[in-house]
Amino acid sequence: MGFKAKRFWKLALGPVLMLMSALALAAGGDVSSVNMSPGVTEVGERIYDLHMIILIICTVIGVGVFGVMFYSIIYHRKSKGVIPATFHESTKVEIAWTVVPFFILIAMAVPATTTLLEIYDFDDAEMDILVTGYQWKWKYEYLNEEGDNVSFFSNLRTPQTEIYNAEDKGEHYLLEVDEPLVIPVGTKVRFLVTANDVIHSWWVPALAVKKDAIPGFINETWTRAETEGVFRGQCAELCGKDHGFMPIVVNVVSKEEYGQWMAAKQTEAAEIKQLMAQTFTMDEQMERGKGVYDRACLACHGAAGEGGLGKAIAGSPIATGDLGQHLDIGINGVPGTAMQAFGGQLNDVDMAAVITYQRNAFGNNMGDTVQPIDVYNHKKG
Amino acid sequence: MGDHHHGPAKGLSRWLFTTNHKDIGTMYLWFSFAMFILGGAFAMIIRAELFQPGMQLIEPAFFNQMTTLHGLIMVFGAIMPSFVGLANWLIPMMIGAPDMALPRMNNWSFWILPPTFLLLASTLFMEGGAPAAGWTFYAPLSTTYAAPSVTFFIFSIHVLGLSSIMGSINIIATVMNMRAPGMTYMKMPLFVWTWLITAFLLVAVMPVLAGAVTMMLMDVHFGTSFFSAAGGGDPVLFQHVFWFFGHPEVYIIILPAFGVVSQIIPAFSRKTLFGYDSMVYATASIAFLSFIVWAHHMYTVGMPVAGELFFMYATMLIAVPTGVKVFNWVTTMWRGALTFETPMLFCIGFLILFTIGGFTGLMLSIAPADFQYHDSYFVVAHFHYVMVAGAVFSMSAAIYFWLPKWCGRMYNETMGKTHFWISFIGFNITFFPQHFVGLAGMPRRIPDYALQFADFNMMSSIGAFIYGASQILFLYNVIATIVAGKPVSDEKVWEGAEGLEWTIPTPAPYHTFETPPKIDPAHAHS
Numbered sequence: 000m001g002f003k004a005k006r007f008w009k010l011a012l013g014p015v016l017m018l019m020s021a022l023a024l025a026a027g028g029d030v031s032s033v034n035m036s037p038g039v040t041e042v043g044e045r046i047y048d049l050h051m052i053i054l055i056i057c058t059v060i061g062v063g064v065f066g067v068m069f070y071s072i073i074y075h076r077k078s079k080g081v082i083p084a085t086f087h088e089s090t091k092v093e094i095a096w097t098v099v100p101f102f103i104l105i106a107m108a109v110p111a112t113t114t115l116l117e118i119y120d121f122d123d124a125e126m127d128i129l130v131t132g133y134q135w136k137w138k139y140e141y142l143n144e145e146g147d148n149v150s151f152f153s154n155l156r157t158p159q160t161e162i163y164n165a166e167d168k169g170e171h172y173l174l175e176v177d178e179p180l181v182i183p184v185g186t187k188v189r190f191l192v193t194a195n196d197v198i199h200s201w202w203v204p205a206l207a208v209k210k211d212a213i214p215g216f217i218n219e220t221w222t223r224a225e226t227e228g229v230f231r232g233q234c235a236e237l238c239g240k241d242h243g244f245m246p247i248v249v250n251v252v253s254k255e256e257y258g259q260w261m262a263a264k265q266t267e268a269a270e271i272k273q274l275m276a277q278t279f280t281m282d283e284q285m286e287r288g289k290g291v292y293d294r295a296c297l298a299c300h301g302a303a304g305e306g307g308l309g310k311a312i313a314g315s316p317i318a319t320g321d322l323g324q325h326l327d328i329g330i331n332g333v334p335g336t337a338m339q340a341f342g343g344q345l346n347d348v349d350m351a352a353v354i355t356y357q358r359n360a361f362g363n364n365m366g367d368t369v370q371p372i373d374v375y376n377h378k379k380g
Numbered sequence: 000m001g002d003h004h005h006g007p008a009k010g011l012s013r014w015l016f017t018t019n020h021k022d023i024g025t026m027y028l029w030f031s032f033a034m035f036i037l038g039g040a041f042a043m044i045i046r047a048e049l050f051q052p053g054m055q056l057i058e059p060a061f062f063n064q065m066t067t068l069h070g071l072i073m074v075f076g077a078i079m080p081s082f083v084g085l086a087n088w089l090i091p092m093m094i095g096a097p098d099m100a101l102p103r104m105n106n107w108s109f110w111i112l113p114p115t116f117l118l119l120a121s122t123l124f125m126e127g128g129a130p131a132a133g134w135t136f137y138a139p140l141s142t143t144y145a146a147p148s149v150t151f152f153i154f155s156i157h158v159l160g161l162s163s164i165m166g167s168i169n170i171i172a173t174v175m176n177m178r179a180p181g182m183t184y185m186k187m188p189l190f191v192w193t194w195l196i197t198a199f200l201l202v203a204v205m206p207v208l209a210g211a212v213t214m215m216l217m218d219v220h221f222g223t224s225f226f227s228a229a230g231g232g233d234p235v236l237f238q239h240v241f242w243f244f245g246h247p248e249v250y251i252i253i254l255p256a257f258g259v260v261s262q263i264i265p266a267f268s269r270k271t272l273f274g275y276d277s278m279v280y281a282t283a284s285i286a287f288l289s290f291i292v293w294a295h296h297m298y299t300v301g302m303p304v305a306g307e308l309f310f311m312y313a314t315m316l317i318a319v320p321t322g323v324k325v326f327n328w329v330t331t332m333w334r335g336a337l338t339f340e341t342p343m344l345f346c347i348g349f350l351i352l353f354t355i356g357g358f359t360g361l362m363l364s365i366a367p368a369d370f371q372y373h374d375s376y377f378v379v380a381h382f383h384y385v386m387v388a389g390a391v392f393s394m395s396a397a398i399y400f401w402l403p404k405w406c407g408r409m410y411n412e413t414m415g416k417t418h419f420w421i422s423f424i425g426f427n428i429t430f431f432p433q434h435f436v437g438l439a440g441m442p443r444r445i446p447d448y449a450l451q452f453a454d455f456n457m458m459s460s461i462g463a464f465i466y467g468a469s470q471i472l473f474l475y476n477v478i479a480t481i482v483a484g485k486p487v488s489d490e491k492v493w494e495g496a497e498g499l500e501w502t503i504p505t506p507a508p509y510h511t512f513e514t515p516p517k518i519d520p521a522h523a524h525s
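Protein chains in written order, with numbering that gives the first Met the number 0: chain A, 0 to 380; chain B, 0 to 525.
Misleading hints may appear alongside valid ones.
Stated by the list, open to error - Simulated pairs of lysine-lysine, DSS-like, Cα-Cα distance not exceeding 25 Å:
1) Lys79/A x Lys186/B
2) Lys91/A x Lys485/B
3) Lys186/B x Lys91/A
4) Lys289/A x Lys187/A
5) Lys77/A x Lys416/B
6) Lys77/A x Lys485/B
It should be emphasised that the hints constitute simulated quantities derived from the structure, not laboratory data.
If we strip away everything but chain A, and leave its shape as in the complex, we get (with noise of 0.2 Å):
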């Protein structure tokens, strides 16, 4: 016997470790690091609980199978003297391992249908957010029925700093954004997914919501959450260079807490409006544009205006060149290039600050104060 088990842990060894460690992870108590969670939605428990069934289908399966094989490494062996059987067909058989799997598949498609069909139920939503991808960030835009909508966009918030290992990584490290989106609790909220530029996908795991941002597309998709908190995500469509750096964040508050938030942020968008029709002074321009470059343009044109993806600000004969071309390519972007047009992305206000900024920082000395006003001039036309 002692031989024998000698060989069959020699030849089991492999598994057995991965069975193990497994097993310990598991009794370490974070199973949420190892398997999929439920999540916060009665959709992500549906999803959940058929994710266990088929794991478990497939493990009993597995077993059964593995079993039969190990058996025959173990006793059905040259070594042991054993003389091979001749028997190589049984229509019997044959029969019956086709048939009973496929009455297995079809007890898994049940539950699956009736999941599915719940998750393309996109009726009765209370509320409509459309989320648009854009290279390296999220746009979200509430499309109220009362007061004005409401949208920002919501940029990575890791400072290069952790990422390129300056500084200690905090614990949100790539799963924090500048303003996260919020939405209330136990409410139906449909998401209107699209991209701007490439292919993105949305998801967050624990409300159980994936869905691919496609430009000329506008997906749908719903989640409803049961319980408060803030809930992390990631783009998950290869989107290019930043593709891993434009997380998601999510705050399910309260309705009351919701209904002040939306409140706050419609007062805000007034507020813009009447920044909008006011001059600024360069020192105040050069303080807000900065703001605006490092969340809107530094990824590609550098923490120097050195360039990277996109070319280099410093001394840029766009940026030290005639002002109209230089909006034009800020608010219009350059087709075909990796230079979105910002005019939708950022207001007035923070367009001609940035404008501003670039003209004047970097060694750039143009002397030049863009206004808000000269903004909405240009776009006008």
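Following the hints, position chain B against chain A.
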């Protein structure tokens, strides 16, 4: 007849101008191994960068080039040519033919490959870098937003397709016309069957891929908008066309592997393959189903629910013929007289790991669950279980099994078994934890990741380095065998080996079956 018994020409011209199926098979195999090392080196760069959170070694843009080239080179440069090489060596010997039906085309279909991959690899040094949209190169990331090198990539794909189509036509023509008298279809070894079906798949889908890249070329250079929404085109169309090629493609990779395993398991079980007929029918069913399941790669793309349901049901059905195959292999081992030489170990490894990959495939077929799995590391784990453990393990088994026949020398068994165990353990340490991080929410194709994924990624990287190192041992063992292995002269080499290729002298002479062998009509199949 005497003047036909010449040996190979001398020097470089032997290889450049050869029309001999064994020479061409050898070149395919060495070329694919070189590509395996190159694609593997890219994988090592990827795993080194993912060893820890944060960007340490390379930039995100280069990371994307690495994942793209790793996938393209492994699929088109390593796995596919390796099985074409095996087909070249074995199909004529297995069906009792003197050579392939179209030997000059055979030469050409090999020799256009090396320059093509040189061109593809050279895109790394071009302005803007190599293609970086993934091996699936979804538009418009691969068209409007791609680096200029995409044009060279498109040309490479066209030439690769040409090579594959020529290789497939050759295999179809050989199997249909050159079988020895008495070698009926249902007597052919299963490896020949799986390759015949694979060749039909290739002829059917490579032109579709060529169509997809041609549309890309038009979009990039000639102002069309096939895939550009701004011009009235449809980015999703690209995915449909790509996966209409891409799904049969994964069976193109795995079917010849099924064939290899179906030859080797009976040999070391000393027992005939169980259910030969059902194996043939299962292979044909899988091939047919492979054409009607493509959109299961696109569950999150926003298809209507009827489409989702159709593709889900069709995909689940594939589990039936695949299950038949696994059951047949296990039953072949049942009550055999088993021994565990290196080829058998690799086949058992294949059986275990491919079955696990099949299970995760079944899980992925469930559309609602796929909303959570899709584009996560769970998918990465799944397809490496079927591609690496499926294709690469069976390829390793094939080399150990037939190399002694080819060169008349035996490999070092201890080294072979060591190669197997290091591969098996390294492979599982690499890819098993990727199931966990995928389920926990880590997307694929990202150069950096959140902190909760750190431990498993480090484990994965360590496993990858172990697995990578084991292939160096493989290379050494193969070279040592060819140069200085213990000579074998027994025609059968392996006690339990059956089939025409084991009836010729060892090492296999330069020309075989110049007169067709006699097939015993009573003998069911090899």
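A quick look at each hint next to the structure:
1. Lys79/A x Lys186/B: violated (32 Å)
2. Lys91/A x Lys485/B: violated (46 Å)
3. Lys186/B x Lys91/A: holds (22 Å)
4. Lys289/A x Lys187/A: violated (39 Å)
5. Lys77/A x Lys416/B: Within the cut-off at roughly 18 Å; holds.
6. Lys77/A x Lys485/B: With Cα atoms ~24 Å apart, Lys77/A and Lys485/B stay inside 25 Å; holds.
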